[in-house]
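**Student:** Chains as they are written, first to last, in this note's numbering: chain A, 1 to 276; chain B, 277 to 584.
Each hint can be trusted.
Here are the computed lysine-lysine pairs in the DSSO-like style, where the Cα-Cα straight-line distance is at most 30 Å:
(1) Lys406(B) <-> Lys454(B)
(2) Lys59(A) <-> Lys110(A)
(3) Lys406(B) <-> Lys110(A)
(4) Lys231(A) <-> Lys320(B)
(5) Lys137(A) <-> Lys431(B)
(6) Lys110(A) <-> Lys431(B)
(7) Lys137(A) <-> Lys297(B)
(8) Lys320(B) <-> Lys141(A)
(9) Lys98(A) <-> Lys406(B)
(10) Lys137(A) <-> Lys320(B)
(11) Lys141(A) <-> Lys431(B)
(12) Lys141(A) <-> Lys297(B)
(13) Lys58(A) <-> Lys431(B)
(14) Lys233(A) <-> Lys320(B)
(15) Lys170(A) <-> Lys320(B)
Cβ-to-Cβ under 10 Å is the rule here; a few derived chain B residues that face chain A:
(16) Leu305
(17) Glu324
(18) Glu333
(19) Lys348
(20) Asn369
(21) Ser370
By construction, these hints were calculated from the structure, which means they are not laboratory data. As the structure is a prediction and not an experimental result, all values here were calculated from the model. Using N, Cα and C, we set each Cβ at its ideal position, and we do this for glycine too.
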Amino acid sequence: MKITEQDILHLKEIAKQIRRDIIEEVYNAQSGHPGGALSCTDILAVLYFNQMNIDPNKKDDPNRDRFVLSKGHASAALYATLAERGYFPKEELKSFRKINSLLQGHPDMKHVPGIDMSSGSLGQGLSVANGMAISSKLDEKGFRVYCLVGDGEIQEGQFWEAAMTSSHYKLDNLCLIIDNNNLQVDGNVDKVMSIYPIKQKLQSFGFEVFQVDGNDIDSLITVFQKAKTIKGKPSAIIAKTVKGKGVSYMENQVDWHGKAPNEEEYNKAMEELSEA
Amino acid sequence: MKEEKKATRQSYGEALAQLGKNNENIVVLDADLANATKSQNFKKEFPERFFDIGIAEQDMIATAAGMATCGKIPFASTFAIFVTGRAYDQIRNSVCYPNLNVKLCGSHAGLTVGEDGATHQMLEDINITKAIPNLKVFCPSDDTQTKWLVEEMAKVQGPCYIRTARLASPIIYDENQKFEIGKAIQHGNGEDATIFSTGICVAEALKAQKQLEADGINVRVIDMFSLKPVDEEIILKCARETKRLISVEDHSIIGGLGSIIADVLSEKMPAKLTKLGVKDTFGESGKATELMNKYKIDAEAIVEELKK
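Please model the complete structure; the sequences and the hints are all you need to start from.
**Tutor:** So, in structure tokens, the structure goes:
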């Protein structure tokens, strides 16, 4: 599919809208994880509005592509994306993290339309995605499975167990994306517990590895297209991102991992995200 | 009870292979123990639907969860210690919270693992699994019941845990026996005592029942294979109808069958219950039968207790 300038501009607008909704959600809830939600927004926008074979009107279609948000704390981004894509009314975003709401702190597949897997406890999503990718092959359905993990998250041992499985079962319908913002709760990922070099590690585990600017829509589209052509092994995209991307005072600041803005901060964020 | 013996892990494997014939959605996963859990029976028949995940229990459980989201009915087996111990978080968050249709099998449960000793003798799995919402917990006592359970688990929507044993034990039920999830099986109507039991200890309870009868002590044995949901009615009925209540299990007395019964009694009909089981200690190496004797969960221990 040919991507036009117009398409790129449109996706950029969508990503901006998702970012505004993330800020709304976290501000309303006075709780949540804005940093990691903003870092992966462009990835979600490209997947849900350009790459994935999905249809909000056929949300249970067994042949649809699947998405697993393994870094479940970025729920605000996923909810905003799904609402923007038409899975549920935007109004619902106001209930984020509140009592009796659909939009739990971490994604709940049983209650939120469009969510393919519940998540929250880190390190489990790639295994789940493998299970989906194996099922796709068993039934010759041919759907693709995308799994987004945090960079700190891959410190979990299970991630590497799962990486072995992806490769062992030659899951070429699986695309792993690492949101490499290099920040985790206790600080810089390389200072807390280095995961580097990610590329070589994943290559040695049998992945075809791509590196990309994870906040650049154009590059993301190109890399997802390339990943689709890989046969006989799984793909991994190391997406270099900026934590808190789009809100100047949140960018690359570890404090914004799990903190809500006050009124003044909220106004400033919304102002920045409204600029052309 | 017949002379013929079979380990419930063996029955599990045979039942899986049968199940695979009738239902294409059945997939089986193991963590390098297919030879021991007996899931290899399925592997032989349906290699394309069998997935060895290697020695990676956490990955196995979450992979099964992913398969279940796509309409598969995964049966994932390994030793009870590893599935419920090592992969607890995966069972809780990736299987039970989303209420996925994953069937977990913990084989080699309890002291009766024998020679492998304490590290492999899982004595807390009933406690761990019964505490997780949405998860049904079963501990079958013989071949017939295990085969029925495996079939039934495939029909029931949602996560289940089945606890099987390494040691061969007598076949208790004939093929016509009717079972129902949440309904215990009563053996005899004796009123001197009720022996509640589960899994491998049911046969011991039945042996004890016979021995006690010879001494003029009439007891009934209740096979509590369905631990969650539990048959509350039969617990209360036995508390009303019999003079003594005891429970016997190849599991810790903390949080096992005894605790499940005590929970029901304390809320609805306070009564004294004697719990036979492993008393807040780890196991050790030895022959399964020696261990059952030493830790007082065999027929001899039951008879001794009821003669007090």
